[in-house]
Structure formats: structure tokens, C-alpha cells
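K.L.:
Sequence:
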Amino acid sequence: MNVGQGVSMTAALIGTEVGADVVNVYAKNADGTRGAYMGSEVKVYRPTQGALNFEVKAGSLGMTITSAKVVYTDASGTPFAAPSNTFNTTLNIKVPEGYVCPGGATTCTFTEKTATPVTFTAPANELYLLSEQAAIAAADSCVDGSAVLASGQGACAEVRMNITLTGQDTLGTTRTINIPQAQVRVYVATVTEEVR
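First residue of the sequence shown? That's 1 in my numbering, and the numbers climb one at a time after it.
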């Protein structure tokens, strides 16, 4: 078997989302009843990091991903959440090689391994690609204060993440994997009312 042909894998980020719990604010009339609509506010935002999945081709080297650069844009490519639209973070994700041991064994010699495609999902506890600033800006995009909102409504931003993963392959060569335009679902999760 020839070792060291290179890295042949693709990555995708799915399931990243930001839910916004919104409150519609109304003025309080002199008699204490609900008056005119004053605006809507985000009370709580609920970010979900999503899942980072890899499809490793048969015979590919493995890779240890040590960093990620994320650039947030809207659907048209315009920077989103500027000046915090670029986010750099460290990671420690070990993506397996495109070889497996016979019979599902966890260890074997290289000559016993068979070139096989492998799917891999990065452990969720090691994944931090949606920054706090971008999540807050995404949630805030759901309200503009001009109209009363209901669950699921809102003109939430269409946020995208352009991700560059960097690390070293099994032989120590620096490699990058790009994930263009990974979608972040942004939505109004709940709506309550407040009279002030």
C-alpha cells in the first residue's frame, strides 16, 4: 500500500441556528391596560453550534484540525455583524484516515488496513464556530420594532459562515479545508408580551 498520497476529504457544517425569544412591548394606559405597541425586543437568544461532518475518501490521510477562521456574511456575501464578522478559534479535532482495520478492530498494523471511505462527526464539545457576537447580531436582526411579531415571523437575517479549517495531516503537512456558505438558521422561537 502506498502511504502519503494526500488528504482527500470534504466537510460540511449543518444544523447551526440562532433562535430569538422576542417580547412585544406595549405602553401602559393610565388605567393599567395595554396601550399602543412600542416595539419588539430580543429577550434571549439561543445559539446551536450544529454538527461538523467529514466525508473521508478511501486511502486519504487523516488530519488534526487545530484552528478555524470563520467569516460571517449575509446571503449576498456582504459582511454580517461587522466589525465582528471574522472569528478565529482554536480546535483540536482528529479526523480519521480513510483506512480501517479488519473486523472493526480499533488497532492493527498498517499492512492489515483496508482503504475505505469513512464518515466522521466532530465531537460537539470541541466545536465553537458560531461566535457570541454573531449569534447576538443574528437574533437582533429578527426585530426592527416596526411591527408586532408572532412565533416564526420576523425578517431575520440570512446568515452564512465561510469556514477555513487548518491543521496537519498524518505526515505533518499543513492542510486547509474550506466550507463555503454554511447556513445559519435564524428564527423567532417564542413571542411574549409586556406592558410597560
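Calculated from the structure, these hints are not laboratory results.
Think of the CB as a built atom: it goes at the ideal place given N, C-alpha and C, for glycine as much as any other residue.
Mixed in with the good hints there might be a few duds.
[Unchecked claim] Computed cross-link-like contacts, BS3-like style, restricted to lysine-lysine with a CA-CA straight-line distance of at most 30 Å: (1) Lys-57 to Lys-69; (2) Lys-113 to Lys-57; (3) Lys-57 to Lys-43; (4) Lys-28 to Lys-57; (5) Lys-28 to Lys-69; (6) Lys-94 to Lys-43.
[Said to hold, decoys possible] Quick list of the computed label-pair ranges, beta carbon to beta carbon: (7) Glu-41 to Ser-84: 14 to 22 Å; (8) Asn-162 to Lys-43: 26 to 34 Å; (9) Thr-119 to Ser-146: 19 to 27 Å; (10) Ala-51 to Thr-109: 40 to 48 Å; (11) Arg-196 to Gly-77: 35 to 43 Å.
K.L.:
If a hint holds in the structure, say so; if it does not, say that too.
P.N.:
These are the hints, each one checked on the structure:
1. Lys-57 to Lys-69: Roughly 24 Å separates the two Cα atoms, so the pair holds.
2. Lys-113 to Lys-57: holds, 14 Å
3. Lys-57 to Lys-43: violated, 45 Å
4. Lys-28 to Lys-57: violated, 63 Å
5. Lys-28 to Lys-69: Not OK: Lys-28 and Lys-69 at ~47 Å, beyond 30 Å, violated.
6. Lys-94 to Lys-43: Judged against 30 Å, a Cα distance of about 37 Å means the pair is violated.
7. Glu-41 to Ser-84: 14 to 22 Å: Between Glu-41 and Ser-84, where Cβ atoms are some 21 Å apart, the hint holds.
8. Asn-162 to Lys-43: 26 to 34 Å: holds, 30 Å
9. Thr-119 to Ser-146: 19 to 27 Å: Hint violated: Cβ distance 45 Å, outside 19 to 27 Å.
10. Ala-51 to Thr-109: 40 to 48 Å: Check failed, 32 Å falls outside 40 to 48 Å.
11. Arg-196 to Gly-77: 35 to 43 Å: Holds, at about 39 Å.
In terms of the numbered hints stated before, the structure departs from hints 3, 4, 5, 6, 9, 10, listed from lowest to highest.
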